[in-house]
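S.K.: Listed below, chain by chain, are the residues.
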Amino acid sequence: MQVDWITVSAQIVNFLILVWLLKRFLYQPVIRAMDSREQRINQRLDDARASQEEADRQAAHYREEREELERQRTGLLDQARDEAAREKKQMLQAARAEVRETRAQWHRQTAQERAELLENLRGRAAEAVWTTARKTLSDLANATLEAQIVEVFVARLDALDAGERKALARGSDKIRIASAFELDSGLRARLTRAVHDCIAEGVEVTYAVSEELLCGIRLDSEEQQLSWNLADYLDGLATRIEAAFSPRESQQAGD
Amino acid sequence: MTISPDSLVLWRWGPLPLNATIVFTWLVMAVLALASWLITRRLSTGTDMSRWQNLLEVVVTGIREQIEQVSHQDPSRYLPFVGTLFLFIAMANLLNIIPGYMAPTGSLSTTTALAICVFFAVPLYGILYEGPVAYLRHYVQPTWLMLPFNIVGEISRTIALAVRLYGNIMSGTVIVAILLSLTPYFFPVVMQLLGLLTGMIQAYIFAVLAMVYIASATSARRRDARPAKSGDSASTS
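Protein sequence lines correspond, in order, to chains R and L.
Converting from the first sequence to my numbering requires adding 135 to each position, the first position being numbered 1.
Converting from the second sequence to my numbering requires adding 11 to each position, the first position being numbered 1.
Among the clues, some could well be false.
Stated by the list, open to error - Computed list of lysine to aspartate or glutamate pairs in DMTMM-like fashion (alpha-carbon distance at most 20 Å, straight line): (1) R:301 x R:358; (2) R:223 x R:213; (3) R:158 x L:68; (4) R:301 x R:355; (5) R:309 x R:357; (6) R:158 x L:76.
Worth flagging that the hints you see were computed from the coordinates, not collected in a lab.
Next comes chain R alone, as it looks inside the complex (with noise of 0.2 Å):
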């Protein structure tokens, strides 16, 4: 055991150079490559952290605009149902409008087929009294009808007063007789005779074929007229008809 002081001097220079060989070749370069390694690491945690805040940004972004679409979709929908319900009651008060014209159109062409029909079975029945009663009086009474409605005519002049004499021959000299059939020379003497009879012996009788008449004589002088009339019947008929429309229109209204 001892020491070579020789040796010693030389392991402590050869211990200082190692140390400057390993501090140049090994701790340095390790050290170096390690912080740069260390550097790179953080870069890339701050790369992925700034990457992370971006996503994260961007999904808040689209979450908002999502809300905000959604906000917009309610809105539109409550708009379109606000439109839908109005665009609904403006087409129910069209419809209304439409059936009460409908209605009311309906009411005016019933009434004017009420008319029509009315006119047209005051013509039927007219012409159907007439046939029956020209039948009837063939039948029972072996004469015509004609020869009937002069003989009532005549019962009626005859029937007149002193008064309505005398206004039926007031001014005038001529008398015409209107009938709604040709009357024969028969029943036209038997007439002039009642005239000349009942109002003024002689004045003038002339006679005339009147489409107006339905079935009657009327006797025209200068102030007053005198007539039978069948449509003064059928007047009545059709008056009794019309009361018997009524209740169904007053019913037809209140609906």
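Based on the hints, put chain L in the right spot on chain R.
M.R.: Coordinates of chain L only, in the frame set by chain R:
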């Protein structure tokens, strides 16, 4: 039987002998420096690296962590000195497996040289980081009476450092040599393995003790300082 490699003089130039200690020290230095140079020639700063670079990084990181644990200071300024102490002693002992190799650490001259380096490194670091007055004040703490004891303590621990390493390594060599003559073949191999383990432990102990001495000299000023994290210190070095 040659106990110390100092006595094996290979060549002499005047009064200067070239003994086995110096030659094998050069061998260890060459191995360390060449390996470092070869590996750190192409260092990767990416995540994929060679396994040799990985080994070096593990070694350097391990040494830094040990220094930090002992000193609670930034390990960068102590790494070259303490790291080299550990690597040199470890490599010198590890090469014992080569037949004919004689560990330079088995020479009291080498261990004395290393201890003297520590002996001077302690006040050097202390003065460097605390200032001469603050450092020298340690010797008179807590009273002037402690001055001789402190000085004796400095010297004795240096001697202890040198003798501990020398004794351990030399004893391993001597035991193997004795056992070879008594029970050859198997038993010396076991002792050789034990010697390798002892060598690594001694390298660790020597480096850690050196660091403890240095840290005790520099810790007064930094007693209140927070222990630095290895990651922070690495990024600031």
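S.K.: Work down the list of hints and note, for each, if the structure agrees.
M.R.: Here's how the hints hold up against the structure:
no.: 1; hint: R:301 x R:358; result: holds, 11 Å
no.: 2; hint: R:223 x R:213; result: holds, 15 Å
no.: 3; hint: R:158 x L:68; result: holds, 14 Å
no.: 4; hint: R:301 x R:355; result: holds, 14 Å
no.: 5; hint: R:309 x R:357; result: holds, 8 Å
no.: 6; hint: R:158 x L:76; result: holds, 17 Å
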